[in-house]
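Asker: Residue numbers (numbering that gives the first Met the number 0), protein chains in the order written: chain A, 0 to 134; chain E, 0 to 504; chain H, 0 to 120.
No lab work stands behind these hints: they were computed from the structure.
For every residue, glycine included, the Cβ atom is placed at its ideal position computed from N, Cα and C.
Be aware that a few hints might be false.
Claimed, not checked - Which stretches of chain A does chain E cover? Using the computed rule of at least three CB atoms under 8 angstroms from a CB of chain E, they are: (1) 76-86; (2) 91-97.
What the hints assert, rightly or not - Pulled a few chain H residues facing chain A out of the computed Cβ check, cut under 10 angstroms: (3) ILE55; (4) VAL81; (5) PHE89; (6) ARG95.
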Amino acid sequence: MFSLILAATARALLPLILLFSLFLLIRGHNEPGGGFVGGLAAASAFALHALAHGAPEARRIVRVDPRRLTATGLLVALAAALAGPLTGGPLFAARWLDAPLPVLGKVGTPILFDAGVYLVVIGIVLTILFPLLED
Amino acid sequence: MSPDLLVVAPFVVPLGAAVLALGTSRSVAAQRAVSLAGTAVTLVCAGLLLAEVSYRGVIATSIGGWPAPFGIAFVADLLAAIMAVLGAIVGLAIAVYSPASVGHQQERFGYHPLLLVLVAGVEGAFLTGDLFNLYVCFEILLMASFVLLALGGQRAQLEGSIKYVTLNLLSSILFLTGTGLLYGLTGSLNMADLAVRVAALDARGPVTAVAVIFAVAFGIKAGAFPLFFWLPASYHTPPPAVAALFAGLLTKVGVYALLRVFTLIFVGDPGFTHGLILWAAVLTMISGVLGAAAQHDVRRILSFHIVSQIGYMLMGLGLFTRLALAGTVFYLVHHIVVKTNLFLVAGIMRRLRGTEELADLGGLYRERPWLAIGFLVPALSLAGIPPLSGFWAKLLLVKAGLDSREYVVVAAALAVGLLTLFSMTKIWAEAFWKAPPDPPAASDGRGEATGLDSNLAPAFATVAGLALVTVWIGLGAGPILELCSRAATQLVDPSVYITAVLGGH
Amino acid sequence: MDTWLGLAVGALYACGIYLLMRRSLVKLVVGLALLGHAANLLIFAVGRLTPGVPPIVAPGATALIEPVADPVPQALVLTAIVIGFGVQAFALVLLRRTWTRLATEDLDGLQSTDRLDEGHP
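Kindly generate the complete structure, drawing on both the sequences and the hints.
Answerer: In C-alpha cells:
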C-alpha cells in the first residue's frame, strides 16, 4: 500500500531517527537513554521505512542480515564483559580509557557493552519484524 | 584459572559458543563442531569447579567487582557445583545426539545457538547468588526452550507450545511478584543477604505468604502437584533430542530453585512451608505414576514419570533433615542422567520404527539387543532396582522418611516405586519383547522431517555413554553419597554460604 | 496514593488471570501481557512512591540527601519490561502461526496433545 506522504516523510525521518538513536545510546550512562531504548529507536526508524516502502527495500537499506547484527552485538557485549578477566579482575569489571574522547566523553567497557546491546536490539526487532511484514 | 573466573566459566563458555554458532550459521558442520566443543569445555570447567569447591569450600565472586550485597554474586557451593556438572553432561549428550534427531533445516535455522543459550541459562541459574539474576537466567533458558519446543511448526508442536508457554510464563510472573514483594520487605536481592534479613524480620505473616508464592512459582517450573499438567501436554511434541534436554534439565532447575530458596531464605516456619511441600510431594508422586499407567505412548509415559520422580525430590526437601536433603541431591544426580537417557532411547525407537505408540512397536530386542540393554539400565534404575543408582537414591529417602516418622510418605514412596516398575516393564514388554505387529511399521520417520542423518551411531553412543554413567553411579555410590552428604550439610547450615558471600569480601 | 496503586495492581492481576482462562488464544496472549504489566507495576510500587531525587551524591558532599528514589526497583522493572517484550513477541508469532497453520484460535479445539487418543486400544 503506497502512500506518498508516508514515503516522503520516512525518507526524511530515517536519518534523523537514526542520529537520535545514537544520541540516546551515548548519553545513556549518566542520563536517561542507553542501549536498549537507542536500539528500539533505530529499529523503529527501519520499521517506518519498511512500512512506507516495503520490507525488501528496508532490508536493502539495513544491508546486513539482522541475525548477523544480533550475533555481532552479542560478540561485542561479551567482549566488553570479558575485558575484566583479561585484565585481572572479575567478570564485567569496568575498564576506562584515561583520556576523554571528543564527542563521546569518557569511554570504557560500559559504553562498549551498551553498543553491543544496541546492535542486539536492532537485530532482534528487525528479525521479528521483517518476516511478519513479508508474510 | 582463578576461582573467580571458574565460578562464572560454566555460564560464559556456552554463551560465547552460542555467539560463535550464530556467526557460523551457514555451515551445519561448523555449528555442530562449535556445539560439541562448547559443551565439552563447559563440562571441563564445571568439573574443575566441582573439584575446587570440594577441596576449598564455598566459592563466591561478584560481577564487576561490586561487593555483595550491592552487586550480583555468583556462588558455587557443593549443590551448585554438582548441578553445574550434571547440566554440562546433559548438554554434551544432547550435542552429540542432535545430528541424529534434528533435521538439517532446523539446524540451519538456529538449533545449535539455542541449545547453547539454554545450557548457558541453566548453568547461570545454578551458579547465581542473586534472586533477580536467577529470574533472568530462568527467562534466558525459558525463551530458548520456547523456540526449541516450537521447532517443526506442526499441530502437535504448536499445541504443546501454547500450554508450555502459558504456564511457564505464569510461573515467571509469580516469581517476579515474589521477588518484588521480598525486596519490599527486606530491601535486598542477594540470596545470602536475604537469608540474614528475613531471619531478622518480625512480620512472619507476609514472609510466609511470599514463601508460598515462591513455592507455587517454582512448583510450576518443577512440575509439582497440582501444577504439572503442562508437562505431559508438551514434552512429547518436540524432536526427541529437545525433549530429552527438557526432561533432563528444566524441571530440575525448578527443584534446584526450591531447594535453594527453602533451605536458605524461608526457613523460619518449616512446619507450614516444608509441611506443604511434603504433602505436595506425596500427591505429585502418586498422580504422576497413575497418569503414566493410563498412557500408551512411550514419551507420554515418560513425561508422567518425570512428574512422579519430582515428587521424590520434593519429599526430601519436605522432610528437611540432613539425610533427606542428601537423598534429594543424590536423586537429582541419578534422575537427570536416567531421564535424559530414557528420552534418548525413545528417540531412537522413533527413528527405527517411526512411531511411539506401544501397540505399533515390537521386536526391538531381537533387532537391536544393545538398544534393549540401553533401555533396561535406566529403566531399572528409575524403578529402584539394586545395584543401580535409583536404588541408593530411594533408599536414602526412605530411610530419611522413617527417621522422621513420616510413615504415610514412606508408604507412598514405596508404592509409587512398584508402579514405576510396572510402567517400565510395560514399555519393555510392548516395545522390546513382543513380536512386531504386521505389517511392520516403516522405519526412519514416516512423515518426519527429511534431511535427518542416516547414521545413528552418535545416538547409540550417547545412550551407551549415559547408561555407563548410571551404572557407574550405582556401583560407585559411596563417594558420590559422601559428596551429596557434604552438600546437604551445607544446605542445612547455610552459615558457610552466607559467610562466603558476605563476609569474605 | 499507595492504596490506589495497590488497587490498580490488583485489578491488573485479576484481569490478567481472568483472560488467561478464556477460550480464545488472542485473549490468552493479552492476559499474559497484562500479567507482565501487573508484575512490573508491583515492583515499581515496592520502591516506595516518593518524590525523590536521583541517588547520586552531590560533588563535595559525603552522604545522600533524603528523600532519594530507590534505583533497584527501576532497574528490575526495566529488565522485566525487556524480557516481557521478547516473550510477547514470541507469543504473537506463535498466535499467528497457529492461525495460519491450524485456522483456529479456539483453545477447546487445540487439546489433542493432552487427551488420551481414543483411536488406539
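Asker: Given H/PHE89 as an interface hint, is the shortest Cβ-Cβ distance to chain A below 10 angstroms?
Answerer: Holds, about 9 angstroms.
Asker: Counting residues of the segment 76-86 of chain A that have a beta-carbon nearer than 8 angstroms to any beta-carbon of chain E, does the count reach 3?
Answerer: Coverage by chain E holds here, the residue count being 5 at a Cβ distance below 8 angstroms.
Asker: Closer than 10 angstroms between Cβ atoms is the bar; does H/ARG95 clear it against chain A? Give me holds or violated.
Answerer: Holds - the Cβ of H/ARG95 comes within 10 angstroms of chain A, reaching about 7 angstroms at its closest.
Asker: For the hint on H/ILE55, just tell me whether its beta-carbon gets within less than 10 angstroms of chain A.
Answerer: holds (9 angstroms)
Asker: Can the segment 91-97 of chain A be counted as covered by chain E under the rule of three residues or more with Cβ-Cβ separation shorter than 8 angstroms?
Answerer: holds (count 3)
Asker: Take the shortest C-beta to C-beta distance between H/VAL81 and chain A; is it under 10 angstroms?
Answerer: holds (6 angstroms)
Figure legend: structure checked against the earlier numbered hints; every hint is met.
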